[in-house]
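Visitor: Given next are the chains, with one letter for each unit.
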Amino acid sequence: MLDEKPFETLYGDLEDAVRQLEAGDLSLEESLALFARATALAEQCSALLDRTELRVRQLLAQPNGNSAAEPFESWQNG
Amino acid sequence: MPTSSVYTVSQISAYIKSLFVSDMLLTDVWLSGEVSGFTQASSGHCYFTLKDAGAILKSVIWRTQAKGMALPRNGDAVIVHGAISVYEQGGAYQLYVDHLEPAGVGQLWLEFERLKARLEAEGLFDDERKRPIPARPVRLGVVTSPTAAALRDILRTLSHRYGLVDVILAPTPVQGDQAPPAIVAALAALNRWAAEREPLDAIILARGGGSIEELWAFNDVRVARAIAASAVPVITGVGHETDFTIADFVADLRAPTPTGAATLATPDGRELSAAVAALMARAERQLGGHLADERARVESSTLRLRRAAPAARLATNRQRVDDLSRRGALAMTGRLRQQRERLRGEGLRLTALDPSRVLARGYAIVATADGAVVHSVAQVTPGDALRVRVADGAFGANVTKDQ
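These protein sequence lines are chains A and Z, in that order. Mapped onto this note's numbering, the consecutive letters of the first sequence carry residue numbers 41 to 118. Mapped onto this note's numbering, the consecutive letters of the second sequence carry residue numbers 2 to 404.
Just chain A, same shape as in the assembly:
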């Protein structure tokens, strides 16, 4: 899977696309392309917002003073 873009970026891009679309100085060709892009961005935003499974990791202290993180799932069983 490709590196996932953060919601913030996708949402900002969507806002930009809609603003450009509304600026009104585009050819129909360009409008269609921009609309398709906005649609794809909106779908990605929605997919992220629909996510309810929280990703939780726990820091573990290492002997060398650094940290490692491992999945932390026990909270859902309680």
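One thing to keep in mind: the hints can contain errors.
Derived pair list, reagent style EDC-like, types lysine to aspartate or glutamate, alpha-carbon separation capped at 20 Å [said to hold, decoys possible]:
hint : chain 1 : residue 1 : chain 2 : residue 2
1    : A       : Lys45     : A       : Glu55
2    : Z       : Lys52     : Z       : Glu102
3    : A       : Lys45     : A       : Glu113
4    : A       : Lys45     : Z       : Glu35
5    : A       : Lys45     : Z       : Glu199
6    : Z       : Lys117    : Z       : Asp99
7    : A       : Lys45     : Z       : Asp371
Stretch by stretch, here's where chain A covers chain Z in the computed footprint (C-beta under 8 Å, at least three residues) [claimed, not checked]:
hint : stretch
8    : 57 to 67
9    : 152 to 161
10   : 187 to 197
11   : 323 to 329
12   : 385 to 397
Just so you know, the hints here were simulated from the structure itself, not pulled from any lab data. Even for Gly, the Cβ is constructed at its ideal location relative to N, Cα and C.
Got chain A; can you put chain Z on it based on the hints?
Guide: Frame of chain A, contents of chain Z only:
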């Protein structure tokens, strides 16, 4: 032989008692001392001795008072309130206690006020120090006990509101002597993680409700300084609504509870869904308008050109408009259906066109992996993955070879 009146023991005892009960201080007095010889009789009344290095005072707590009281144990340092009077049958004066609290608590509050004043004077609570919390965080740190209800409350709230946020937990005890250094270490570990591995937008420092002693780690000067030193903004959620700790004053943002901290750290996902839908509604209005304008423009130029232009030219022109219109309708089709599904439950209705029948007739929308609609062979090369949308869903496909 006595020359004046002779009193009975009862008479003189009654007189002594009258002196006690008319005394302003003895009838309303606060005392500190150590409890010893504490016993509770089967009647429910409690008897003990309050003492310090130089004196002892017999003390009583009547059953009715004892009921609502956290009773002391031998050796406890306490602060008590009550009246001192005479127990005539016992030939003794004693304290009748109506209020008792551990002296430690009084001492703790004194320390709290002193530390608060000191840190305030240092400017640690200044508003200018408070950093804003990013509205839509990518990753949050959480410092709390891994086994407590507070953590579950936080994680449940986060997953309901904004399940796409990434959480890094730095587990730590949150009460007892080992808690302050452990909290300091947890904050430091998260700051190191943020600097070296993955950035953090904020750290939630939390603990569920408890007694003042149980919350005391959050009034520790070391914890206060660690919060002030944190490069990542800190949100506190300690105890209940009414509990204020030093940590709360130093934090960039204070929430009344752990759940409250999770709420302040994240946006409401449902509001964002509505905002995304609103943006797409704007895009659809815009594109719909553009299509209508274009159609009207070409219709009018067709009328003007009818006499002059060659038929072929007109046909080409018309075909181009038809083509663009169809693509516009197609682009909107999938989006509209998705939109409708999303908003159906919320009772929102879109007033846009309904071109879904176009797909139902067997047309499809082909898009590249990054979502761009394919309208030219120039956009694809053999091996590309495509996404094909038809009336009742979508499927993947690959480009096999050039035509």
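Visitor: The structure should be examined with respect to each hint, and the outcome stated for every one.
Guide: Against the structure, the hints come out as follows:
1. Proposed proximity of Lys45/A and Glu55/A is supported: the alpha carbons are some 15 Å apart, at most 20 Å.
2. About 15 Å separates the Cα atoms of Lys52/Z and Glu102/Z, which keeps this hinted pair within 20 Å; it holds.
3. A threshold of 20 Å between alpha carbons decides the hint, and for Lys45/A with Glu113/A the separation of about 24 Å lies outside it, so the pair is violated.
4. Proximity of Lys45/A to Glu35/Z is assessed by CA-CA distance (about 64 Å); at most 20 Å being required, the pair is judged violated.
5. As the CA atoms of Lys45/A and Glu199/Z are separated by approximately 14 Å, the hinted pair is consistent with the 20 Å bound.
6. A threshold of 20 Å between alpha carbons decides the hint, and for Lys117/Z with Asp99/Z the separation of about 31 Å lies outside it, so the pair is violated.
7. Proposed proximity of Lys45/A and Asp371/Z is supported: the alpha carbons are some 12 Å apart, at most 20 Å.
8. Evaluation of the coverage hint for the stretch 57 to 67 of chain Z: breached, as 0 residues show C-beta separations to chain A shorter than 8 Å, against a requirement of three.
9. For the stretch 152 to 161 of chain Z, the proposed coverage by chain A is satisfied: 6 residues have a C-beta within less than 8 Å of a C-beta in that chain, meeting the threshold of three.
10. Only residues whose C-beta sits within less than 8 Å of a C-beta in chain A count toward coverage, and the stretch 187 to 197 of chain Z has 5 of them, enough to reach three; the restraint holds.
11. Judged by the Cβ-Cβ criterion of 8 Å, the stretch 323 to 329 of chain Z is covered by chain A as claimed, because 3 of its residues qualify and three suffice.
12. For the stretch 385 to 397 of chain Z, the stated coverage by chain A is not satisfied: 0 residues place a CB nearer than 8 Å to a CB of that chain, which falls below the threshold of 3.
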